[in-house]
Amino acid sequence: MRKVFNFHGGIHPPENKLQSVGTPIADAGIPPELIIPLSQHIGAPAEPVVAVGDVVLKGQMIAQPKGFVSVPLHAPTSGTITAIEERQIAHPSGHRAPCMVIASDGQDQWIAHSGCSDYSTLDKAQLLARIRDAGIAGMGGAGFPAAVKLSVREGVKIDTLILNGTECEPYITADDVLMRERAQQIVAGAKILRQLIDPVETLIGVEDNKPEGLAALRQAAQGSDIEIVEFPTKYPSGGEKQLIEILTGKQVPSGGLPSDVGVICQNVGSAVAIYDAVVNGRPLISRVTTVTGAGVSQPQNFDVLIGTPMSYLLDKAGYQADKNRRLIMGGPMMGFTVPSAEVPIVKTTNCVLAPTEKELPTPPPAQACIRCGMCAEVCPASLLPQQMFWFAQGKEFEKLEAHNLFDCIECGACSWVCPSTIPLVQYYRASKAEIVQLRKDNEKSEQSRVRFEARQERLAREDAEKEAKRAARKKAAEERAQQSAAAGGDEDPIQAAIERAKAKKAAQQAGASTENELEKLEKAVVTTRKRLATASGKLQQAKAEGSDLVAALQTGVDKTQAKLEAAEKALHDYQQVNEAAPEHAAPTDAADAAIAKAMAARAAESALSDEEKARANLEKLQQRLEKSITKLAQSRENGDEEKIIVALESTVERLSDKVAQAQQQLQTTEGA
Amino acid sequence: MTEFITQYPLLTAVIALVAMGAVFGAVLGFAAERFKTEGNPIVDQINDILPQTQCGQCGHPGCRPYAEAIANGEDINKCPPGGEAGIQALADLLDVEVIPLDEEHGEESVTTVAYIREDECIGCTKCLQACPVDAILGAAKQMHTILVSECTGCDLCVEPCPVDCIDMIPAEEEGLKNWHWQLPDPVSLEVDIIATDASREEAA
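First to last, the sequence lines map onto chains A and B.
Residue numbering for the first sequence follows the working numbering, starting at 1 and increasing by one per position.
Residue numbering for the second sequence follows the working numbering, starting at 1001 and increasing by one per position.
Read the hints as simulated data drawn from the structure, not as lab findings.
Every residue gets a Cβ at the ideal spot worked out from N, C-alpha and C, and that includes glycine.
Some hints could be false.
Said to hold, decoys possible - DSS-like, lysine-lysine: derived pairs with alpha carbons at most 25 Å apart: (1) B/K1036 x A/K444; (2) A/K250 x A/K191; (3) A/K191 x A/K157; (4) B/K1078 x A/K66; (5) A/K440 x B/K1078; (6) B/K1177 x A/K444; (7) A/K432 x B/K1177; (8) B/K1126 x A/K466; (9) A/K559 x A/K523; (10) A/K520 x A/K466; (11) B/K1177 x A/K440; (12) A/K502 x A/K597; (13) A/K395 x B/K1078; (14) A/K395 x B/K1177.
Unchecked claim - Listed next, with one range per pair, are the computed distances between beta-carbon atoms: (15) A/E86 x B/P1160: 51 to 59 Å; (16) B/P1160 x A/T534: 33 to 41 Å; (17) A/S311 x B/D1075: 58 to 66 Å; (18) A/Q483 x B/D1164: 52 to 60 Å; (19) B/W1179 x A/R325: 17 to 25 Å.
Chain A on its own, in the form it takes in the complex (with noise of 0.2 Å):
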């Protein structure tokens, strides 16, 4: 006899198991409409691979996993899927949350499946793919994905697989009736699961208060090292961490794993669904569940299809509505109402409570705390109930943490024993909410610091390129003025760059005088034309979009026509003059002109009487300073370069000297 240990508190609370164990397990049948959540399982939720109007067949894959935390869903019986839609489920928020809905056919026609009856033969991944392509996700209640509680990280070795047969909540049958008939799949499901984790040690724990189902699984290990351990009941034997306690005498530490002290659980209804993956190849498309209360008058179980809607089931056990005021998924302690018999069966629903008011009382309005102390003397955890409680109501997480919220399994011992019917537990979810909620806040404010101060950072970058750049020029620019003025003596390069200026245009006057004159302006005749051509059509344009540019475009075209008469007149009289005199040669012409040109400017000047010269020299000198001293006004305004500055006061130093002069000349021609 294997010595078994105790865990701190726990509660007798009654068991009210009886009613639903006098009848063995009863099939469902198949409803006219099954509703499929995708989301039944802890992780993401499943993606449909189907679409609305496809007809699937019984055990046919109908949505994939999401990602590695996630788990397939399969049509539970053959039919057409007429919706994927926002369906009522089974969620204490009352929410509704994605579903596939598939009409069934009555046929209940098979895939083609196979399973592996040797699974012997077969290596761990592909025994995982196995469990993994079946659906399967714990059924005990919570539903995490059995492949990857099953993958074992490297490095860690598992001494002891722990099945979990306590069913320690009150009025569940479950998995009572399901060891009673199938213990040999049972042990068979553990066989597997033993090769998939190579254990020293394989258990199966059971309360003592289910002698039959404890003496099939005796029967059915016979022969095999799997050991059948029973333990006194108490609730909550049945939580992963209060069993291992009890079998191993090991406690999982705070916020660790089974698998830190080297125990992997697995559910028995979970071993169930695994035997049938891997030797018959079905995925996980039924389950049995507990319909029981005093609002049933056949209460029993049933192996029911995941999707059957509660209305279904409470059907076959005879449901009193009248009776019921409230219908619970899951047990008394842990359960949660729903929000309407409409909702479907999932993969973690062991149990369809339909209990009367004088059953299961709706918890009176609670009353002060007292501090007796009763929750922590019951609490699984070891935790300080009444404590956490105080924080919970100020809201005082950080305190929450230190007394070890997150090690709250809330099975609810604590709101069972407390004299003022404080709801516990809800406190404890809500804190625990906020905390993680707070985590995120929090993660999510650290990210954006870093990124201000990354942009930060940046930004003060780019601007000292931007100086070092600026530095670099201004540098260059004076090494350079630096060098021209050792080079060319007092050549300032405001002096340099007139030159330039000068050459340029010079340059510009000679390629004109070589081009033919005819070719230049015919070539600005079709110019102007095309020009006038766009710009008619753009008038056009905002005339038809009545846009108020229509002004502005007319005046365009308007300047455009008298530049292409102006162009065309100017190239008829060049053909007129070459038609006049074809012997002239076109070079000389030029040259012609300008010596005409300067000579006729040379004897109007000698027209002109000393004292009209004096005077436009001086109008001349007289505009130039005025040009430069706007200049360097400018210049001043815009805060140019010192070196301009300067260069431009000289200039007009300069010119007001000559005014001076041009003046004085004046007079002495006017005294002459």
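On the provided structure of chain A, position chain B as indicated by the hints.
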């Protein structure tokens, strides 16, 4: 030595005290140099509490400048994204009175995230320059989009948009995914279900 001490007890005491003072002073001086803290540690602590939305609603260009301002004595109630919880945390840290949020700087609201209506975006990059956390992806004359995971919901990008194609939408939609248990109604704790309690109160 002993003779000297017995002969000049006062002088000995003075010498001893001066010597000790010199030694301790040297040790303290060395420690002050050796274990010098860079920057102001209180600013970092304040900055950790601020929500890092970098929204500028407090009137400072980012959370860190506001943290510096708080360290220099500015009011702690100018951060709407931090809300009452943030003020509470700051008050705890700085040991000052909790004061209500200054309405001038905005109201505490749900976390939002920017959303660019991409059909209308003209690719002007104005929002890119406004974003304090580089959460907008795009280039000149290319459509821009928000990196939702990086957006702090500061709404600084809304104002510069010349075509008003940026919306602020709630960051988390209502639904099963974001649902969590709420604390039980505290009112139920005040219900008197014991008859004698009620009568005693009346008597008193």
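Against the structure, the hints come out as follows:
no.	hint	in the structure
1	B/K1036 x A/K444	violated (31 Å)
2	A/K250 x A/K191	holds (24 Å)
3	A/K191 x A/K157	holds (18 Å)
4	B/K1078 x A/K66	violated (43 Å)
5	A/K440 x B/K1078	holds (23 Å)
6	B/K1177 x A/K444	holds (18 Å)
7	A/K432 x B/K1177	holds (15 Å)
8	B/K1126 x A/K466	holds (21 Å)
9	A/K559 x A/K523	holds (18 Å)
10	A/K520 x A/K466	violated (46 Å)
11	B/K1177 x A/K440	holds (14 Å)
12	A/K502 x A/K597	holds (21 Å)
13	A/K395 x B/K1078	holds (23 Å)
14	A/K395 x B/K1177	holds (23 Å)
15	A/E86 x B/P1160: 51 to 59 Å	violated (38 Å)
16	B/P1160 x A/T534: 33 to 41 Å	holds (36 Å)
17	A/S311 x B/D1075: 58 to 66 Å	holds (59 Å)
18	A/Q483 x B/D1164: 52 to 60 Å	holds (55 Å)
19	B/W1179 x A/R325: 17 to 25 Å	holds (24 Å)
This entry does not satisfy hints 1, 4, 10, 15, going by the numbered hints stated previously.
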